[in-house]
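Line by line, the protein sequences are chains A and B. Numbering follows this note's numbering, in which position 92 of the first sequence is assigned residue number 92; successive positions increment by one, without gaps. Every number in this note's numbering is 332 more than the matching position in the second sequence, counting from 1.
Wrong hints could be hidden among the right ones.
Claimed, not checked - Interface residues of chain A toward chain B, partial, derived using beta-carbon atoms under 7 Å:
1) L54
2) N56
3) I58
4) N59
5) R248
6) S253
7) A256
8) S258
9) L262
10) N297
11) G303
Quick caveat, the hints were computed from the structure, so don't treat them as lab data. In this text, all values refer to a predicted model and were calculated from it rather than measured experimentally. Yeah, the Cβ is synthetic: ideal placement off N, Cα and C, and Gly gets one too.
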Amino acid sequence: MGDVRERLKNLDLLYEGVNKKHIFYWILDKGIAVIGFITVFLIFSLGTDRFLTLSNLINIARQIPALGILSIGMTCVILTGNIDLSAGSAIALSGVFLASLMEYTNMSLMTSVIITCTIMAGIYGVIGALIAYQNLPSFIVTVATLTAFRGLAFLYSNKPIYVRDPSLRELGRGSTAGIPNAFILMVIVYALFYFILSKTQFGKHVYAVGDNPEAARRFGVNVPKVIILVFMLHGITVALSSTIIAGRLSSGSPNAGSLMELDAIAAVVFGGTRFSGGKGSLMGTLLGVILLGMLNNGLNIMGVSSYHQMVVRGMIIILAVWLNYLRRFLER
Amino acid sequence: MKRFLTVILITTLLLSAFSVKIGEVTCTMRHEFFQALHAGIVDAANEIGAEVMLIDPELSIEKQIQGIEDLIEAGVDAIIVIAITGDTVVPVVEEAVKKGIVVVAVDEVIPSDKVVTFVGTPNFEAGKKLGDLARRYIQTKLAGKKVKIAVVRDLGSTIQAQRTEGFLEALKGLENVEFVGEYQGYDRDKAFATVSDLLVAHPDLSIIYAPAENAVVGAFAALETMGRSDVKIFGFDMTEEAVRGIKKGVILGMAQQQPYLLGVVGVQSAMIKLIGKKTLGSDWLPPKRLVPVKIYTPENIGEYSPPPTKPLSTTK
């Protein structure tokens with residue numbers, strides 16, 4: 001037991017040493033997102049004079065928070081070596097539920113958000129338990145919940161629930177001192193999760209579980225508990241993300257969030273998080289989110305045709321995944 | 333030569349001074365309907381030398397909102413919004429209008445008084461026209477028999493719900509009609525599977541109402557596969573498959589929307605609002621500008637020609 005502990009520690013030191021010493025590893029680790037970020041930024045800034053304006057930058061800042069917050073939870077899930085393919089459908093379910101609370105029971109935004117977060121955490125806790133205790137592959141479980149959540153959302157309300165309470169709209173579309181409110185919320189959530197992942201015991205366990213669950217178990221980590229907690233936290237980010245989307249639409253829609261899980265996974269991969277878990281950072285994910293946001297916005301503003309956009313986005317995702325693979329190959 | 337150059341210079345200056353940028357936010361460019369609508373918009377815009385910026389959110393309501401925001405940033409004069417769901421675009425549309433942009437709703441109603449007009453298909457009425465055809469068929473060919481009717485459609489679509497309401501409205505009061513229910517058929521495969529299952533559950537089914545292109549094609553394919561030409565289809569939006577179905581006598585009535593015209597009238601409405609006062613003396617628009625459907629039956633199928641899915645003109 002002590003031996004394993006010692007070896008784990010050494011492994012940690014090895015990783016840290018490698019990352020800090022070699023610029024090449026740094027580029028592969030965090031650099032993909034940074035370089036991609038700068039390249040895309042430059043291309044759009046030079047390509048059209050409408051991109052690099054204050055109002056457009058604020059526009060982007062208003063567009064990314066929903067994906068940004070969802071990607072936080074997705075990062076945590078992927079760090080444990082799991083995946084959630086049902087996040088987009090879960091956003092639809094969470095969104096109609098939140099909207100119904102606000103519109104039909106006249107609850108305040110704050111109360112509705114807290115209730116929605118609790119319920120989504122509970123639902124994802126069950127998913128986490130199925131994965132952790134029954135050893136079901138998360139890929140399969142969440143493919144199943146992908147359709148189930150969408151169905152539930154439509155059963156709950158087959159058309160968008162319009163919310164008259166202006167506070168919801170204010171969160172999604174309004175701004176404080178020029179900064180979009182949703183963006184402020186996103187920054188707070190990032191700070192919070194950054195603290196959880198890098199400064200707490202639990203955060204270290206998340207990485208350990210993803211790196212090698214067996215080693216983590218022998219090290220004394222309660223692996224199922226960590227996985228369940230991560231899924232519950234992810235459920236909370238789903239609820240928050242759905243709140244922002246509902247705010248942007250002024251309504252909870254059963255159609256919301258379609259394919260959003262794919263964007264979130266793409267953002268996480270851009271950010272350099274290892275797909276098999278154990279390695280990655282929230283800052284990388286944030287860069288990935290901003291990169292995707294800039295990409296969508298810039299291509300739209302440059303008037304690139306939609307078919308070309310699909311191809312360009314696909315190519316960039318392949319490039320990111322390939323670089324991610326290259327890094328794992330070099331690490332061996 | 334010099335004079336010639338001057339003329340060119342002046343014309344280009346004039347053109348650029350009047351050049352109008354029109355944004356179009358569609359639902360998805362994977363359906364022929366929206367391709368035809370886009371073709372209409374581009375052709376109308378080319379006619380007046382306007383530029384079109386197309387945004388395709390691929391059926392994501394969140395991306396549709398982002399697209400409208402991006403068009404505002406791109407500095408367009410007018411936006412033609414083909415909303416995925418009308419309610420969800422209201423906030424961003426009102427923001428666009430506040431910034432002086434003319435917004436025209438096409439195909440799906442946007443419930444806001446800031447939109448200059450709605451250009452669309454009278455869905456309820458079109459459904460009712462098909463319902464009248466079905467009523468006549470029941471009264472002449474199926475008189476006295478028990479008639480089972482099923483609806484196969486995209487259950488999430490409000491437009492298709494309106495078409496269904498119109499259809500059922502026309503059948504009210506017929507005593508031998510039993511309405512089996514509404515079933516999911518959002519794409520061809522799903523409609524195919526649904527109809528196959530339906531025929532097992534209700535072997536005595538007489539009529540399928542399929543108020544969308546994919547549902548019609550899927551239902552027709554399923555009926556053909558199972559060799560059931562006694563079950564008849566009434567539906568929406570012509571395709572080559574549907575034409576074959578009508579000629580075979582399996583499809584008895586189709587409502588053909590005119591997406592190309594919807595696009596043209598969309599651009600026309602935006603222009604009336606933008607320069608109508610100066611050039612026409614008024615920029616008044618009715619709240620609704622409806623483009624009627626054409627009804628095709630085995631009798632008049634010879635008159636059918638498909639709407640263009642690519643712009644007929646080239647961009648200047």
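Hint check results:
1. Taking 7 Å as the C-beta cut-off, the interface hint given for A:L54 is violated, the closest approach to chain B being about 11 Å.
2. Checking A:N56 against chain B: minimum C-beta separation of about 5 Å stays under 7 Å; hint holds.
3. A distance limit of 7 Å between C-beta atoms decides the matter here; for A:I58 the minimum to chain B is near 9 Å, and the interface restraint is violated.
4. The interface hint given for A:N59 is met, as the beta carbon of that residue sits about 5 Å from the closest beta carbon of chain B, less than 7 Å.
5. Checking A:R248 against chain B: minimum C-beta separation of about 6 Å stays under 7 Å; hint holds.
6. For A:S253, the suggested interface contact is upheld, since its CB lies about 5 Å from the closest CB of chain B, less than 7 Å.
7. Annotation: interface hint on A:A256 holds; nearest CB of chain B at approximately 6 Å, less than 7 Å.
8. Interface hint at A:S258: satisfied, since its Cβ lies 5 Å from the closest Cβ of chain B, which is below the 7 Å cut-off.
9. Annotation: interface hint on A:L262 violated; nearest CB of chain B at approximately 11 Å, more than 7 Å.
10. The closest approach between the C-beta of A:N297 and any C-beta of chain B is roughly 5 Å, which is under the 7 Å cut-off, so the hint is satisfied.
11. Given the 7 Å rule on beta carbons, the hint for A:G303 holds: about 5 Å separates it from the nearest Cβ of chain B.
When each numbered hint is compared with the structure, violations occur for hints 1, 3 and 9.
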